[in-house]
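Going down the list, the protein sequences come from chains U and F. Per my numbering, residue 780 is the first one in the first sequence, and the count goes up by one each step. Per my numbering, residue 2 is the first one in the second sequence, and the count goes up by one each step.
Simulated from the structure, these hints should not be mistaken for lab results. Each residue gets a CB set at the ideal place from its N, CA and C atoms; glycine is no exception. Among the clues, some could well be false.
[Said to hold, decoys possible] Quick look at which bits of chain F chain U covers, simulated, 3 or more residues with Cβ under 8 Å:
| no. | segment |
| --- | --- |
| 1 | 61 to 68 |
| 2 | 79 to 93 |
| 3 | 152 to 159 |
| 4 | 195 to 202 |
| 5 | 231 to 240 |
| 6 | 265 to 279 |
Below, each chain spelled out in residue letters.
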Amino acid sequence: MLMTAPTERTIPGTPVFDGQAARKGLALNAMCYSFNKAANRASFLTNEEAYMDRFALNDQQREAVRQRDVLGMIAAGGNVYYLAKLAGILGLNVQDLGALQTGVPVEEFKAGLLAHGITERSAAS
Amino acid sequence: MSEIVGGIFTSHVPGIGAAIAKGLQNDPYWKPFFDGFAPVHAFLKRTKPDVAVVFYNDHGLNFFLDKMPTFAIGAAADYRHEDEGWGIGGFKPFEGHPALSWHIIEQVVGDEFDPVTCQSMLVDHGVCVPFELCWPDADVWPVKLVPICLNTVQHPLPSPKRCLEFGRSIGRALESWGGDERIVVLGTGGLSHQLDGERAGHINVDYDKFCLRNIVPDPEALTQHDTLDIVELAGSQGVEILNWLAARGALRGSLRELAHNYHVPISNTAAATLLVENSAVVHA
Chain U
780 MLMTAPTERT IPGTPVFDGQ AARKGLALNA MCYSFNKAAN RASFLTNEEA
830 YMDRFALNDQ QREAVRQRDV LGMIAAGGNV YYLAKLAGIL GLNVQDLGAL
880 QTGVPVEEFK AGLLAHGITE RSAAS
Chain F
2 MSEIVGGIFT SHVPGIGAAI AKGLQNDPYW KPFFDGFAPV HAFLKRTKPD
52 VAVVFYNDHG LNFFLDKMPT FAIGAAADYR HEDEGWGIGG FKPFEGHPAL
102 SWHIIEQVVG DEFDPVTCQS MLVDHGVCVP FELCWPDADV WPVKLVPICL
152 NTVQHPLPSP KRCLEFGRSI GRALESWGGD ERIVVLGTGG LSHQLDGERA
202 GHINVDYDKF CLRNIVPDPE ALTQHDTLDI VELAGSQGVE ILNWLAARGA
252 LRGSLRELAH NYHVPISNTA AATLLVENSA VVHA
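All chains should be built: construct the whole structure from the sequences, respecting the hints.
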């Protein structure tokens, strides 16, 4: 049972990776951390289920990984800096991750970023 | 007597490293960002620093969540980058400055901070990308490195006020260092961006401009928000502004902004570069 008090504040659409998430997600994040090594990335691709066994992922984490469900991985305690290493194996960049989480096509997600488009520059004479 | 020549603040998005590797500096998407470094290159050519003290956050290369320091100070003779999981690499190794590192550690612990000290430490894109941006043509880095790592990953994060004070303590150490090195301070990361959640893609131009406007003349203005306020304003990874705030604290002389460049978007990020010259305060 998780006894850590949840972060009291809610920021809409914004996971706060706090102690509760860190405890919940330790196995999933440890698996993703292992992907810093190319040999481990290859092992995962060879047999995802066996690799998840090795890190003792819980059912919620396994199902989220199987479904490539990014929000599900975050709900299961995944931290995005670690999940990004898994995303890399799956050939997804951070725009793809953004599109998956916001439920829009990736071109629409990129257009949303470009909608802020601004360049401001100054230099002392 | 050491000299603190100034501060360079910049985003450190991994995609920048990939763009450099592919030679995309003049690509229309990237050019507005890379062009912002011309004043930085001129400044570094003019001031020729010997040491870079770099405030950044690790993204899961050196530190995993099993042992997560709030503040960590590198004290190694050398540092290197390794694969972060998506194959970006080829970053040159770094020479450390252990004597200066330990002088900083003595100062900050004397000032009642409690950092982790690292005689062995990998540095990730938070250090490597800014080095590539600052010294694009170097065969060997022309500066020694002292890496200062802040936790911007796992809440609770150090408060903005604490980060600023930590930086000020390091600034005192740089000023009291007996060597004759010329030191440049780097703060890396930000500005607004969010990679996770239904709000992924969040960018806040107004908050970024507030930071750019105030961080030099009035860094306390950035401490009016707590870390969760900053997450709300700048996005869950925009909280990397804490690295900038600590680096700003290390600049304790007379400051002059020489240049800034703000460009949205680079990858999912509002990218910014800020160049500040530091001169010793003249006492009457």
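Hints versus structure:
Counting residues of the segment 61 to 68 of chain F whose CB lies closer than 8 Å to any CB of chain U gives 5, which reaches the minimum of 3, so the coverage claim holds. Residues of the segment 79 to 93 of chain F lying with their CB closer than 8 Å to a CB of chain U number 6, which satisfies the three-residue condition for coverage. For the segment 152 to 159 of chain F, the stated coverage by chain U holds: 4 residues have a C-beta nearer than 8 Å to a C-beta of that chain, and at least 3 were required. Only residues whose beta carbon comes within less than 8 Å of a beta carbon in chain U count, and the segment 195 to 202 of chain F has 8; three or more means the coverage holds.
By the rule of at least three residues with a Cβ nearer than 8 Å to a Cβ of chain U, the coverage given for the segment 231 to 240 of chain F holds, with 5 such residues. For the segment 265 to 279 of chain F, the assignment as covered by chain U holds, since 5 residues bring a beta-carbon within under 8 Å of that chain's beta-carbons and 3 suffice.
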